[in-house]
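Participant: Starting from the two chains in their separate frames, assemble the complex, guided by the hints.
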Amino acid sequence: MRSPFRPDAVPDAAILDDHKPLMRSLSRRGLIRGSLSLGALVMLTGCDVKRPEAVQSALLAISRLNDGVQALLFDPNKLAPTYPASMILRPPKFNAYYDVMDVKPVNGATWRLEVSGLVADKRAWTLRDLRALPQTSMVIKHVCVEGWSYIGGWSGPTLRSFLERVGADLRAKYVAFKTADDYPSSIDMATALHPQTLLATQYGGDTLADPFGYPVRLRMATKLGYKNPKWITAIEVTNTYPGGYWEKKGFSWFAGL
Amino acid sequence: MNQIENSAPGVPPTPRMGRRLHPWPLRIMHWVNAVVMLVMITSGWGIYDDDVIIRGFHFSKFWRLGDWAAWSLNWHFAGMWFLVINGLIYLTYGFVTGRFREKLLPIRPAEVVQTVVDTLHFKIAHDDITVYNAVQKLLYIIVILAGIAQVITGLAIWKPVQFSGLVSLLGGFQTARVLHFVGMAVIVGFLVVHVALALLVPKTLWAMVAGGPRVSASSHAQDHHARQGHAA
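As you go down the protein sequences, you meet chains A and B in turn. Residue numbering for the first sequence follows our numbering, starting at 36 and increasing by one per position. Residue numbering for the second sequence follows our numbering, starting at 6 and increasing by one per position.
This is chain B alone, in the form it adopts within the complex (with noise of 0.2 Å):
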C-alpha cells in the first residue's frame, strides 16, 4: 500500500511515465501570476487610496504598494504586462492540453450543492487531490473569468477614449472603475478561500510546489475517474 501512496485511490497504480498533476509549465505560471495578482491587488489598492469609491473606506498604508499613488500606478502598469502575458500563455496552455476541460468540467449543480452541504458539515473529501469537486471547479472558473474581466475592466479606464465604446459597454467610465474595483474584490475574496484551503491541506501546496502525484494522461481516463471518484 505505502508504494501507491501517492496515487488517487480508484485508479490502478499508473506507470511512473505518466505526468505530473500539476505540470511544470503550470507550476511556473501558477507562481508568477500569485506574485503579479498580489502586486496588482497591493497596488490596485494605492491608486484606489488617492480617490476612494467608497466613502470612509480606504487601505492603510501597510497594505499598499508604492508609497504613494505614482509609485502604486507604476506598479500596476508594469504588473499588467506579467499579469496578461502569463494569463495568455495559462489561457492557451489550458485549452490546448485540455486541461481545462479535464479539470474544470462537467460542473453539474446538484454536485455543487452536495459539496456545499458536504462542507457545511465538515465532510470535506480531500483524499485525492487531482480531481476537483463541483465547487473547486466552480471557483476556478470564476475566477479566471474575474481574471480576464479585470483585464477588460481595466483596459476601459487606461484607455477610456481609445476603447470609448467598450466603456459605453461597461456603463460609463466610473461604473467600468467600480466594476474593476468589484472584480479585484471577487480575486481577493477567492484568493482567501484559496490559501486558507491550501494551507489545511499542505499536500495541495506542496504539490503546486513539486507537481504532485502522477496522473494517467489521457483526458478520457480522467473524465472516466472523476464519476467513479464522485460513484464511491
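Excised from the complex, chain A in its bound form (with noise of 0.2 Å):
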C-alpha cells in the first residue's frame, strides 16, 4: 500500500509552495519599488529586498536548532503537573485553523485508523479496537503558543501501547497523523512513547464531542495544543520528517512544554 503520507508534489513544487506568500511579498514589493525614483531603489535593494529571505532562513535555522535543544530538554520520565477532576473546563475549548461552525463531524461506526510505515502489522484500527487497549485517564493542562490554557481531563489508551500493539520500530525517529480535517501533525518518538501521550477518545468522562475530535484525537501533556491533532485518520512511524500543518508555516515543530 502507498504510504498515505507521502508527499503528492514532487519537492520542487512543495518548495515554491512554501514560499508563496514571500513572493507574493516580493512581487508587491516590486511594484513599490517599480514606482520609486532609481535613487531610492539603489537604497532599497540592499535593506529591504534582500534581506527578509536570509532573515527569514535564520530564524529557520536556529528554529531547528532550537528543536534539537528542546529534545534534549524534554525528560521522557518528567511527568506534567495534574489536576483534580472538579478543575476539568466543561466543554473544553475549541480550537483549530477554521471556525467551530466547519466543523464536519465524523462516522465513529465506519471510521477506520489507518496504520502505515515501520510497524509489523499494519491493519487498520476500529473504534472498538482502540477501546479494547488499556485505558488512561489525566486531568491535565492545555498550552496554547498564543498564552491561554485551561485544565482538561483526557482518557484512552496510551500511544505507546497502540504502537507497542502494532509491533512499531520504537527506535524510529517520528510519528506522524493525518487527519479528517486536514491538519497533518507529528511527534518525536520519545514523547509518542511518554505516559502522558493518550490517543483520546473521551473527555471528562464522556465519550469525545465532536468539535474535539470524535472518534480519536492526540493529547500530550507535554507539548504545545497545536501539537495535537484531531480527528486522527492515520498514523505513521516513519524516520522522514513529516512536518506538520503550523510547522510549515514558521512554528516550532518540537514545540514541547
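It is worth saying that the hints were derived from the structure and are not from the lab. Note that this is a predicted model, so its numbers are computed, not measured. Check each hint, because a few of them may be wrong.
Partial list, computed: chain A residues near chain B (C-beta under 10 Å) [claimed, not checked]:
hint: 1; residue: V90
hint: 2; residue: L108
hint: 3; residue: V180
hint: 4; residue: T273
Heads up, the beta-carbon is just placed ideally off N, CA and C, and yes, glycines get one too.
Facilitator: See the structure below:
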C-alpha cells in the first residue's frame, strides 16, 4: 500500500508552495519599487528586498536548532502536573485553523485508523479495537502557543500501548498523523512513548464531542496545543521528517512544554 | 584646564595609561544587549497580541517584530540565545572585574532621596559621568535584576512541564506569564528614562561608543572619588 504520508507533489513544487506568501510579497514590493526613483531603488535593494529571505532562513535555522535543544531538555520520565477532576473545564476550548461551525463530524461506526510505516501489523483499526486497549485517564493543563491555557480531563489508550500493539519500531524518529480535517502533524518518538501521551477518545468521562476530535485525537501533556491533532485517520511510524500544518507556516516543530 | 577637560573634577589628572570609563568589552556587550533587548521586547509584543493579558490592550503592527505570531516567536526564541549568552558574559565581567561593586555600590537610601529631590528641582549633576548617582545605581541594579527575572520567567513559560517546580514557585503558568509581561514593562520603563537622559547628556552616549574619559584603574580610588564627589 502506498503511504498516505508520501507527498503528492514533487519536492520542488512543495518548496515553491511554501514560499508563495514570500513570492507574493516580493512581487508586491516590486510594484512599489517600480514606482520609486532610481535613487530610492538603490537604497532599497540592499536592505528591503534581499534581507527578509535571509532573515527568514536564519530564523528557521535557529528554530530547528531550538528543536534539538528542546529534545535535549525533554525528560521522558518527567510527568506534567495533574489536577483534580473537579477542575476540568466543560466543555473544553475549541481551537482550530477554522471556525467551530465548520467542523465536519466523523462517523465513528465507519471510521478506520490506517497504520503504516515502520510497523509489523498494518491492519486498520476500528474504534472498538482502540477501546479494547488498556485505558488511561489524565487531568492536565492544555497550553496554547498563543498564551492561554485550561485544565482538561482526557481518557484513552496511551500511544505507547498502541505502538507496542502494532509492533512499531520504537527506535524510529517520528510518529506522524493524518486527520479528517487535513491537519497533518508529527511528533518525536520520545514524546510518543511518554506515559502522558494518549489517543484520547473521552473528555471528562464522556465520549469526545464532535468539535474536539471524535472519535480519536492526540492529547499530550508535554506539548503545546497545536501539536495535538483531532479526528485522527492515519498513523505512520517513520524516519523521514513529516512536518505539520503549522510547522509549514513557521511554527516550531518540537513545541515541547 | 582644557588639557584635563575630560578628567573628572576632584581627581588629579590621571596618567594617559588609565583605562576608559567603559572598556571595549563592556561597550560591545552594551550595544549587543541594546539590539537584542529591542528584538526581545518588540517580538514579545507580537506574541502578546495573539492572546492579550490586558483586555483591550494590544500593540499595533508598527511596534511588533514579526509579521505574525509565528515569526514573532521565531525572533523571540532566536534572540533569547543572544540575550542569555551576552547577559552571562556581562554578569561574569561585572563581578570579576569589580565593575558592579565599583559603579553600583554602595547605595545609601538618604542619597536616593536626595537625588530624587534634586532631580525634581532640576538640579541634575552630570559634570562627572564617571560616577553614578544613587538613583542611577538603583535603576541599573533594578534593570539588571529585571533582565535576570525575564530569563527565569521566560524559561518557566517556555518549558512549564520540564520546569514545573519553577512554575509553581512563580504561582502557576498564567502568573508566570503575567510576571514575564511585568518584567518587560519594567525594562521598557527603564529604557525610556535611560534613552531620554542619554539624549539629554550626549557625552554619556558618546562615552558608550568611544569609551569615555580615562579613569583610575583602582576600585579603591573610585570609591574614594565617589565619596569626595558627593561631599563636594
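Participant: Confirm or reject each hint.
Facilitator: For each hint, the structure was consulted:
no. : hint : in the structure
1   : V90  : 9 Å, holds
2   : L108 : 5 Å, holds
3   : V180 : 7 Å, holds
4   : T273 : 25 Å, violated
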